[in-house]
Amino acid sequence: MTVLPVGSEVLSVVPHGKTRVCVLHKTSSEKILTRSFQWSTGLRVDIEVDGEEKEYFLKVSSSASETRPRTLLIAALQIIVRGEWSDMAEAEYESQKALAAIVPDNVVIPMAWGRFERDKSKSFFMTCFRDLRDRSPPLPQFLAILKKLHETSISPTGQFGFPVTTYNGPPKMVNDWTNSWEEYFARQFRSDVSFLQKVYGEDAELADLTENFVQKVVARLLRPLQTGGRSIKPSLCHGDLWD
835 MTVLPVGSEV
845 LSVVPHGKTR
855 VCVLHKTSSE
865 KILTRSFQWS
875 TGLRVDIEVD
885 GEEKEYFLKV
895 SSSASETRPR
905 TLLIAALQII
915 VRGEWSDMAE
925 AEYESQKALA
935 AIVPDNVVIP
945 MAWGRFERDK
955 SKSFFMTCFR
965 DLRDRSPPLP
975 QFLAILKKLH
985 ETSISPTGQF
995 GFPVTTYNGP
1005 PKMVNDWTNS
1015 WEEYFARQFR
1025 SDVSFLQKVY
1035 GEDAELADLT
1045 ENFVQKVVAR
1055 LLRPLQTGGR
1065 SIKPSLCHGD
1075 LWD
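Numbering of the sequence shown is given in the numbering used here, commencing with residue 835 and proceeding in unit increments.
Note that these hints are calculated values from the structure, not bench results.
Cβ coordinates follow ideal geometry from the N, Cα and C atoms, glycine included.
Mixed in with the good hints there might be a few duds.
Taking lysine-lysine and the DSSO-like style, the derived pairs with C-alpha atoms no more than 27 Å apart in a straight line are [what the hints assert, rightly or not]: (1) K1050 / K1006; (2) K1006 / K1067; (3) K1067 / K982; (4) K1050 / K1032; (5) K1067 / K931; (6) K1032 / K1006; (7) K931 / K982; (8) K1067 / K981; (9) K1067 / K1050; (10) K888 / K931; (11) K981 / K931; (12) K954 / K1006; (13) K1032 / K1067; (14) K931 / K1006.
Here are the computed distance ranges between Cβ atoms for each label pair [stated by the list, open to error]: (15) R964 / K1050: 39 to 47 Å; (16) D880 / K981: 33 to 41 Å; (17) E1045 / C962: 41 to 49 Å; (18) C962 / V998: 18 to 26 Å; (19) S846 / I943: 14 to 22 Å; (20) W1011 / F950: 46 to 54 Å; (21) P997 / E1045: 25 to 33 Å.
Kindly produce the complete structure, drawing on both the sequences and the hints.
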């Protein structure tokens, strides 16, 4: 792997972690079914370079017009990958890089991302390895980290948005730069509803409710934040905080 340090000797490659996504489907009988599949595979890669052992985490994902899981062999390990989100690797790399610039002790440090040389529909994202535990941190410590992230981060353009497309699970985030938080929130809300309409089927009533919500509720709550001499600061946010 060309992204590893020059002169590296790979000692081991073992599976580590996985990401699963639940997708809802509406059947002809009007029943909503949930299907779960794995869209990426994590690997722990141990190497030795200049007499020093190092550990990395490698996430592999795939895209293109696949309709079934596909199998990929790496270092005698079988990796099952599926999805249409190969650019998630770039999104995760840029997101982690932005977070690491503000709270480096509390996120994984990104090393590289790229696409497979022989199959451009597959991509990878590599970081320094951290053996994370599935438990909540002490609340005061956690809130202090969030406070630092929100208060000290600075938008590179002074606007709301992000340099690349990111994801909220399968749905894409609409990250085009804008001066208006109301505009950013409203277009993302519309995009999320549109995604669900494709899953459940078109619903004219929901479409009308969406526009009424944007025009009446979103405008009433968010517009005053940036009118009448008031302003708000675009800040870096981390997704999935409800987890």
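**Request:** List, from low to high, the hint numbers that the structure doesn't satisfy.
**Result:** 13, 20
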